[in-house]
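> Sequence:
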Amino acid sequence: MTRGEGDPATEPDRQPPSVADDLAREIKRLRQEAGISQRVLASKIGYSRQYVTMTEWEDSNLPSPELVAAIDNALEANGALVTLRAQADGDRRERRRAGASSLTNADEPGKSLAANVFSPFNLESVPAGYAPDTRYAESVAWSDIERVKEAARHAATTENLHGGGSANTAASQQLYSFAPLVRGKTAPETRRALFEAVGNLSGVAAFAAFDIADFTTAERHSRFALWCADSAGSWELRASTLADMARMTAYTSGADNALSLIELAQVRSDRLSATTRAMLSALRAQFLAALGRTDETLNEVARSDDYFADSVPGEDAPWMCYYDEAEHLGSTGKALIPVALARNHMDLAAPRIGQAIRRQGQSYPRSRTFSLTRLATLTMRIGDPQEAAELGLQAARKAKELHSQRIRDELQVLTRASIKHLGIPEVYRLYGVLTDEREAFEVSS
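Numbering-wise (this note's numbering), the sequence shown opens with residue 1 and increments by one.
Just so you know, the hints here were simulated from the structure itself, not pulled from any lab data. Check the hints yourself; a few may be wrong.
Once the Cα atoms are required to be at most 27 Å apart in a straight line, the calculated BS3-like pairs of lysine-lysine come out as [stated by the list, open to error]:
hint, residue 1, residue 2
1, K400, K420
2, K28, K44
3, K420, K398
4, K185, K149
Nothing here was measured: the structure is a model prediction, and the numbers come from that model.
All chains, please: the whole structure from these sequences, using the hints.
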């Protein structure tokens with residue numbers, strides 16, 4: 001790549017910082033001035049550390065009034081943060097009104113997506129740090145795009161085989177290396193492919209970071225991927241990116257917020273492949289289940305099955321290659337676990353997860369470990385504890401080969417479910433293995 005003048009048409013106008021950004025910076029400044037960590041502040045106000053972390057993210061969701069009030073009180077801000085939050089809310093509404101007044105229906109490749117004006121994320125400028133003015137290509141060729149695609153494939157393969165820990169640093173380095181391409185001159189027929197390729201690589205890097213609980217990096221990479229999707233006019237990449245963001249949100253701040261994101265991803269679903277619609281419905285079912293809406297969950301799983309039955313080979317975007325029959329069964333099976341527990345009927349979920357395990361091959365050991373752990377936990381709670389212990393030991397052995405904080409979190413759920421059956425020798429052995437593994441990981445961390 002060589003330095004040169006960028007194409008003005010590919011460079012969105014930079015907008016002034018929002019009041020929400022000012023709020024995030026002020027919370028961080030006051031916390032640091034008080035000399036306390038995010039974890040300590042979270043403990044003082046009765047929220048999780050993830051909630052406190054996200055209040056300090058710029059270009060992100062506006063924290064709730066209750067959370068800001070609690071932080072204001074803990075940091076002795078005398079109402080300054082509450083006032084700033086109210087100003088940020090007004091500023092956000094004004095920006096959205098301004099954006100809505102300029103909506104277009106431009107769906108052609110290379111034009112931005114009007115639906116993204118409703119996104120809770122700032123898509124008005126290139127996220128800082130990805131495409132500096134001092135380092136970008138004069139022009140972009142198809143060979144450059146192929147290199148980006150290959151980097152994404154390699155990072156995704158590494159993550160699937162070994163977990164996010166092995167892929168995280170390498171994927172981020174590759175992303176920062178290739179991201180400046182978006183400022184280069186491109187022919188109209190290559191522009192969409194470029195932005196999709198870079199956006200997909202950013203999404204892979206985001207999920208690798210998320211897998212090891214590096215939420216700050218995951219959130220930044222996700223927003224850049226979403227910006228790429230918007231700039232490319234790619235409904236498919238937009239939907240997939242929002243789906244990943246919904247998964248992350250469910251993990252850090254609950255199913256209700258995740259449900260809002262997945263429903264945003266389903267806007268203009270007529271533009272999406274049947275496979276993508278199946279994936280989105282499976283995720284929506286998971287979030288509905290977590291909220292206790294069991295009848296809606298069952299309906300959404302049925303809808304996901306219908307979409308998946310309509311999938312056409314070769315129609316899907318390259319980044320959707322992971323969503324095969326095994327992934328569909330595992331994803332919908334996960335959605336049905338809360339329903340099975342609520343109705344005390346294992347067969348509502350277990351057969352799907354069991355089929356997923358049998359179909360998840362050597363290329364997806366992490367997915368298979370997730371499925372084994374979930375089936376073991378479900379079986380431990382309402383099935384045969386001895387069978388659950390056997391499944392759990394398989395999962396624990398597989399987990400040793402993967403650097404994934406999320407898998408360790410799932411194994412902790414299995415550990416807690418095992419406690420009431422410790423009188424059974426097989427379960428007692430499993431419990432010992434799980435607790436030993438947890439202690440070893442905490443020491444190494």
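> Now look at each hint and say whether the structure bears it out.
Here's how the hints hold up against the structure:
no.	hint	in the structure
1	K400 - K420	25 Å, holds
2	K28 - K44	16 Å, holds
3	K420 - K398	24 Å, holds
4	K185 - K149	19 Å, holds
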